[in-house]
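S.K.: The residues making up each chain are set out below.
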Amino acid sequence: MLNKRKIITIISILLTLTLILSACSAPLNSPGNNDTKENGMVNLYTDRHYDTDQMLYDLFTSETGIKVNVVKGDSDELIERLEREGNDTQADVLITADAGRLYKAMEKELLQPVASQILTSNIPPNLRDEDNNWFGLTVRARVLVYSKDKTDESELSTYEDLTDPKWKGKILVRSSSNIYNQSLLASMIAINGEEKTREWAKGIVENLAREPKGNDRDQATAVISGEGDIAIMNTYYIGKMLTSTNPEEIKVAENVSVFFPNQETTGTHINVSGIGLTKSAKNPKNAIKLMEFLVSEKAQKLFAEANFEYPVNPDVQSAEMLKAWGKFKSQDINLSLLGKYNKKATEIANEVGWK
Amino acid sequence: MRFIKVNLRFLNVWSIFSFLFVLGIIFSNLLVFTSLFQAPSENWEHIKEYLLADYIKNTLLLITFTGTFTFLIGTSLAWLISFYDFPLRNFYKLAFILPLAIPTYIGAYTYTGLLNYTGIVQSSLRNYLNYQVNPKLFDIMNIGGAVFIFTLFLLPYVYTIVSSFFQNQSSSLIETARLLGRKPLNILLTILLPLARPAIIGGVSLVVLEVLNDYGVVKYFGITTFSTAIFKSWFGMGDIDSAIRLAASLLIIVFFILTLEKMVRGRKRFDSSTSKLRPITLQKLSGYKALLAFTYSFLIFSLSFLIPILQLLYWSLITYNNVLNNKFWQLLVNSISVALVATCTIVFASVIVANFQRISGTKLSKAYAKITTFGYSIPGAVIAIGVMVLFISLDRKLFWFYNIVNPESAELVLSMSLAMLIFAYVIRFLAIGFNSVQTGFEKIGKKFFEASRTLGMTTTKTFFKIDLPMLKPALVGGFVLAFVDVLKELPLTLILRPFNFDTLATKVYQYASDEMIPEAGVPSLIIIVVSLISIFLLNKMIMKEEG
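Chains as they are written, first to last, in our numbering: chain A, 155 to 509; chain V, 5 to 551.
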């Protein structure tokens, strides 16, 4: 009997140990655990989930032998995580699809400046931080999308004009909880001031065709389905819809046109996907190599062609589709301001009832 | 004397383990709630003025309507299946459990893709019948749509609990009523519903808790509820204080519901007078009644399972080439192994706490049991942050130890590992395993245990020799339920996973938020198939047990 009890005890201990071991076995394989020196890897936090980005990282690995480890997540969550992990973070670089978020990471002192001739010469000054804490990688414009059948191009002019009573019940835009809209509002605060922006947001809400819902693609679809006339959305989604697996989505994209607002005045709102070196990066050299690689012509071309974004590197051509839309004038502000006014922008949206 | 000593020693093993589990749960939540006592930030004023009313309104609308519809549909299905025979009844009996395998967020993505302008319904009408419908009619990205999704895919909670209650409790009562000439509807309203009240309320409360915990559906539909608000103020505004205040408000709702459940359920318990239950003789429906029952069942089955599965299959067919690659198999391995480890831990912990509660029966052990099930009512987002804070502080305390093992060790070891995610799963889903195990223990009762103890066996030995074999079905049941829940889990996994670690659920979420819903087809289907296999295994076992 005593033996049996012993056996049972041993079994239960073994079971517990197995559980604990299996629970902890993963970190043994996980990167960065035992490296105090740089050993051929770079760890990145990114909120871009496009499968095409992985192609770029693979290319980087095959060229340099440096392995790229990726954690994907929502940008706010990643920043929160960086903050909590403090000096122990394994992340070497942070990539977000919005300049405002990089500014936020910088404000929280999670990033450090990078002195790189390659980065500063390949990226125009307004698309990177003044002190080189973060750098833009790709540009997207927030434009007006309409159907030629219903709307004449001559009726369109500026973002400000969308609050005109003639557009009552015609405007389509997604929720203000989305960062693209927050950054649009922030840019208007930077250019027109807080009061005018509040009035503008109020006017947009009054002219909405429906409660803000869905994503950017849904806004284009709603133009074609007849729910509204003018959609405010990002450029690259048109490209993504044209290459969609759903033939109906391709049809929608083929039937809409793109208009760049504010060409005569303050310019069209742009934003970037950008990258920053974390303050506690353990592999800073590899990280900078990756950053420089991502603004190289080869990588910029891939960004442009696979994801229909505008390259930041002025030497690189846009994709054919974007070229057909022609050159446009963009807002002349440093994108750091998008981060600076983000909080105010969110508050304004909440106050005027932009869902 | 020696007998008592041995007894105490072994009782301690159970109590110590229980204590440790409970401590883990309390700690990870307490750390979050400490800041509740600080002065509110200015953000809180802003939230209170412009947003809070909306959060409360939306959350209440969602739980009220989802609760009502799951009650109506779930109970009516349970009633049909338990008492009547109609074409394909045996098939439907099982089929109504199947939606359990479809996570609500996958349901939401699928129906959105089906019903939107570019989806199959509208485009077929347009292209083949040349009929342009008003897109507003098919718009489900609103509160009504969310209620629709929650109702369809949370239905099995009410259906399974109520139908098992009907089948176990009431054969003699209903037959007596039938003999006395009561009409079926009359029996339902005056006998069955009052009898099944505890089961119905239990099922509906589970549904309501699931709705409160949801992040995937409301986020995708753009409905502002407490769970999206917690995410938003925590991460978006960087305001932990407000997030905690929101969490506290949410918990008030949860407590209100739990109290309401207790009150409405009352103290009434109806026990069957005969110890051996006879199976109910099914009444055969014929004519239009049979047709009606069949059609109703078919409608629910189609909406909650068949249609979404067909749509996902179609999407998988057109996208599998882009999606299936080496990395994809890694996802599968990740999902299943992490769910296995978490579920084993859950069952292990459940057995310990439930057995401790049963044996000692003290107030303390009952409190343990309460706390154990508490995690299920807390939204995943809140648990995630609590666990993260706990693990980081643990790491800082254990740093000296890491240094002994490996002088070059980083300070953060645990909080960089899967252990953190698994721990969070355990807290979140312990209730699932625990309830199952506890029910198992209740079924066995204490008489075998007491007999064994009187005959000189120790508690632990009794447990392994007497209790465990009898408990096996409950253990497997708890295991399967918890496994499926972990596999489907989204918000915790999103926040707490380590480097390079994706699961099927996070991949589905990614594709959906990247506006690539067809690509989400394959991973969604795999989650569903794995869940289905588990459900079938469980069902087979229950059938075997019932003989």
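Since the hints were made in silico from the structure, they are not lab data.
All values reported here derive from a predicted model rather than from experimental measurement.
Any given hint might turn out to be false.
[Said to hold, decoys possible] Listing some non-contacts, in silico: residues in chain A with all C-beta distances to chain V over 12 Å:
hint, residue
1, D201
2, S216
3, G227
4, Q266
5, S275
6, P279
7, E307
8, N346
9, G347
10, G368
11, E418
12, T419
13, K497
14, V506
[As the list claims (entries may be wrong)] Stretch-level coverage of chain A by chain V, calculated; a stretch enters the list once three of its residues show a Cβ under 8 Å from a Cβ in chain V:
hint, segment
15, 315-326
16, 402-413
[Said to hold, decoys possible] If you want the ones that stay clear, here's a sample from chain A, every Cβ over 10 Å from chain V, calculated:
hint, residue
17, V225
18, S270
19, N280
20, L310
21, S331
22, S379
23, E381
24, Y391
25, E459
26, D469
27, L491
28, T500
29, K509
By construction, the Cβ of each residue, glycine as well, lies at the ideal position given by its N, Cα and C atoms.
S.K.: Run every hint past the structure and note whether it holds.
M.R.: Status of the hints after comparison with the structure:
Non-interface status of A/D201 relative to chain V is broken: a Cβ of that chain comes within 12 Å, the nearest being about 10 Å off. The beta carbon of A/S216 sits about 16 Å from the closest Cβ of chain V, which is more than 12 Å, so the claim that it is off the interface holds. Not every C-beta of chain V lies more than 12 Å from that of A/G227, the closest at about 6 Å, which undercuts listing it as non-interface. Annotated as non-interface, A/Q266 keeps its C-beta farther than 12 Å from every C-beta of chain V; the closest such distance is 19 Å.
Separation of A/S275 from chain V is adequate, the least Cβ-Cβ distance of about 32 Å exceeding the 12 Å criterion. At roughly 28 Å from the closest C-beta of chain V, the C-beta of A/P279 stays outside 12 Å, upholding its exclusion from the interface. Under the 12 Å C-beta cut-off, the non-interface status given to A/E307 relative to chain V holds; the minimum distance is some 23 Å. Taking the minimum C-beta to C-beta distance to chain V, about 22 Å, the non-interface status of A/N346 holds against the 12 Å cut.
With a cut of 12 Å on Cβ distances, A/G347 stays outside the contact zone with chain V, its closest approach being about 20 Å. At the 12 Å boundary, the C-beta of A/G368 falls inside the reach of chain V, the nearest C-beta of that chain being 6 Å off. Distance check on A/E418: its Cβ is at least 32 Å (rounded) from any Cβ of chain V, clearing the 12 Å threshold; non-interface status holds. Non-interface status of A/T419 relative to chain V is upheld: no Cβ of that chain comes within 12 Å, the nearest being about 30 Å off.
For A/K497, the requirement that its beta carbon stay farther than 12 Å from each beta carbon of chain V is not met, with the minimum near 7 Å. The beta carbon of A/V506 is not kept farther than 12 Å from every beta carbon of chain V, the shortest such distance being approximately 9 Å. Here the segment 315-326 of chain A counts 0 residues with a CB under 8 Å from a CB of chain V, which misses the bar of 3, and the coverage is violated. Only residues whose beta carbon comes within less than 8 Å of a beta carbon in chain V count, and the segment 402-413 of chain A has 4; three or more means the coverage holds.
Not every C-beta of chain V lies more than 10 Å from that of A/V225, the closest at about 5 Å, which undercuts listing it as non-interface. Under the 10 Å C-beta cut-off, the non-interface status given to A/S270 relative to chain V holds; the minimum distance is some 25 Å. At roughly 25 Å, the least C-beta separation between A/N280 and chain V is larger than 10 Å, which holds for a residue marked as non-interface. Its beta-carbon lying about 23 Å from the closest one in chain V, A/L310 satisfies the requirement of being farther than 10 Å from that chain.
Chain V draws A/S331 into its interface by the beta-carbon criterion, the shortest separation being 6 Å against a cut-off of 10 Å. The beta carbon of A/S379 sits about 4 Å from the closest Cβ of chain V, which is not more than 10 Å, so the claim that it is off the interface is violated. A Cβ of chain V approaches the Cβ of A/E381 within 10 Å, the least distance being about 6 Å, so the stated non-interface status is violated. Listed as outside the interface, A/Y391 is inconsistent with that label: its C-beta sits roughly 7 Å from the nearest C-beta of chain V, within the 10 Å cut-off.
The beta carbon of A/E459 sits about 17 Å from the closest Cβ of chain V, which is more than 10 Å, so the claim that it is off the interface holds. No Cβ of chain V approaches the Cβ of A/D469 within 10 Å, the least distance being about 29 Å, so the stated non-interface status holds. Against chain V, the non-interface label of A/L491 holds: every CB pair exceeds 10 Å, the least being about 18 Å. At the 10 Å boundary, the C-beta of A/T500 falls inside the reach of chain V, the nearest C-beta of that chain being 7 Å off.
With a closest Cβ-Cβ approach of about 7 Å to chain V, A/K509 is found to fall inside the 10 Å limit, against its non-interface label.
The structure shown violates the earlier hints numbered 1, 3, 10, 13, 14, 15, 17, 21, 22, 23, 24, 28, 29.
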